[in-house]
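Protein chains: 2
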Amino acid sequence: MSLDDKATKPHDRLSEALAADMDAVNGLIRDRMASEHAPRIPEVTAHLVEAGGKRLRPMLTLAAARLCGYDGPYHVHLAATVEFIHTATLLHDDVVDESAQRRGRPTANLLWDNKSSVLVGDYLFARSFQLMTETNNMRVLSILSNASAVIAEGEVLQLTAAQDLRTSEEIYLKVIRGKTAALFSAATEVGGVIAGAPEAQVRALFDYGDALGIAFQMVDDLLDYSGAADSIGKNVGDDFRERKLTLPVIKAVAKADAEERDFWRRVIEKGDQKDGDLEQALALMAKHGTLNATRDEALAWAAKARTALSALPNHPLREMLDDLADYVVARVR
Amino acid sequence: MSLDDKATKPHDRLSEALAADMDAVNGLIRDRMASEHAPRIPEVTAHLVEAGGKRLRPMLTLAAARLCGYDGPYHVHLAATVEFIHTATLLHDDVVDESAQRRGRPTANLLWDNKSSVLVGDYLFARSFQLMTETNNMRVLSILSNASAVIAEGEVLQLTAAQDLRTSEEIYLKVIRGKTAALFSAATEVGGVIAGAPEAQVRALFDYGDALGIAFQMVDDLLDYSGAADSIGKNVGDDFRERKLTLPVIKAVAKADAEERDFWRRVIEKGDQKDGDLEQALALMAKHGTLNATRDEALAWAAKARTALSALPNHPLREMLDDLADYVVARVR
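Sequences listed follow chains A and B, in order. Following our numbering, the numbering of the first sequence begins with 10 at its first residue and continues without gaps. Following our numbering, the numbering of the second sequence begins with 10 at its first residue and continues without gaps.
So here's chain A without its partners, still in its complex pose:
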């Protein structure tokens, strides 16, 4: 790999290496989001699918399948499946979070209505199951249907854990495994399964996706409290204002003295926030070193992801996945 290659982002290098496959995935997505009678479906879907998302998840499936020597054609179906599941969850998330913006554009629930977002999400979810059944591979069906259940369970868990100061690091891990890592690990695992890779490689692919997803979400949660939050299209303190229990806060609550607990109870549990509270929260996190501790955990998960790759064949795509794990945490290093 030349120095020039190294200078581009690992995500872009993956995009380039998998360009032909990604074209096929995009074609399949366009094809399957059509609806003869309900034009609202492709309208809403296109708004989200064509909004310039990074297509990270389908790329993981394609890379996993290719680096295990798969020669097609079902990695394309699985990659499209994964993107449809992702898109369906985004549509429903925006309804649940009452979001007005995603990727810098107004959300579907704002442009159309909550009803359309709920029902089109359901349609894409059903379409994803149709797509995966076309592979005729029972094991990938089992992996992806399990992942869908874990995703939904994680979302419900996040909902009920919100504003609850008793939320533990264990619960936090379950939530982010559900809302983020489950689809990453399913995406990589099914790539290996469809390629007929040996069990050790399938397991390694799962571990890579799981650890990558966890690192990814921890970085996201960390950036929400650091100056770089605008790089992910959010404002500093969004999670604070939404009273979400993310890792930096959970760690600060665990170390809080009586007075600090009163503060957290007021701003998170009661939601009684005023000017200066975000600054006070940041000061408490700094005092207890919880932003650094969160960063260290994210780095450890990224390292775990890279370690998992050692069980996989030596391949340019493996190097790109390795770089990707590094890149995910580079924003906070």
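Keep in mind the hints are simulated off the structure, nothing from the lab. Treat the hints with care, as some may be off.
No copy is singled out in the list; a pair is fine if it fits within one copy or between any two copies.
[As the list claims (entries may be wrong)] Pairs of lysine to any residue, SDA-like flavour, derived with a Cα cap of 20 Å:
#	residue 1	residue 2
1	Lys279	Asp122
2	Lys63	Arg275
3	Lys253	Gly298
4	Lys183	Arg41
5	Lys183	Glu45
6	Lys183	Arg49
7	Lys264	Val245
8	Lys183	Pro48
9	Lys18	Lys279
10	Lys313	Ala295
11	Lys18	Leu182
12	Lys183	Met294
13	Lys63	Trp121
Got chain A sorted already, so can you dock chain B onto it with the hints?
Using the frame of chain A, we list chain B on its own:
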């Protein structure tokens, strides 16, 4: 069959004949709606599943499998799958329709919130796919994932067709096939498929479920405009107030003169309704005979359902399915 048997409702006779199977289905449903970490999931699910619904759809699957000679165990999984899909769509429907009551009890979106209804619906949908993959039967997976897509498409179509006077009888049929008949026909078809029934019988089971579902929904839409609406837990004119284009209205609009079109435009398209408008709508339907015409179509679909059964083995369950098709339209005969 004795006269005493005849005196009970066909639904109750099916319940009795399939009691052991239904116990197994109920056990599986209770088992699979559990969630170790997110108690909100079984709470919301139980509220709906245990609300005394008739369990008509899972019973159709069990009856279809048994009358084709199936000896288990996967008809139970499929019946539970069908009930989970049904429950998931009810949860999402109540969010979309902003309903406050279902089966005479407050809806989940009212008791908890829309977020819980959306996410628990997603969880049940994912659970349904897990359940069906356990059958290891690709064909039932294909049938049920196709049905899920048709259901969601029908719901979106209903959403976009609402308040649109151009809605044709063809569109209406697509909507009710999606929102109601698709799950009925999938429920009966997979029963035959899992039993390994001959193609002609599988086809007959599909036709029966399809026609039964269409008759069922047409009767529902008809009762909404007749005095017996309270027998289905609705008030007369609910659809009118919600400006839904159901068959009695579509037929009346098609026959409307200029003045009548102005009326329909005002009350349905503009939603500008006042005292006496429902009575006026009923008078127009009576003038053009559209309630009778709708009833005749429902009766024809019920007859079609009964005709389809002739391709199936002679069996007490077949008689009950025959009676069921008759019973569905008995309320309007």
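Hints violated by the structure (numbers, ascending): 2, 7, 9, 10, 11, 12, 13
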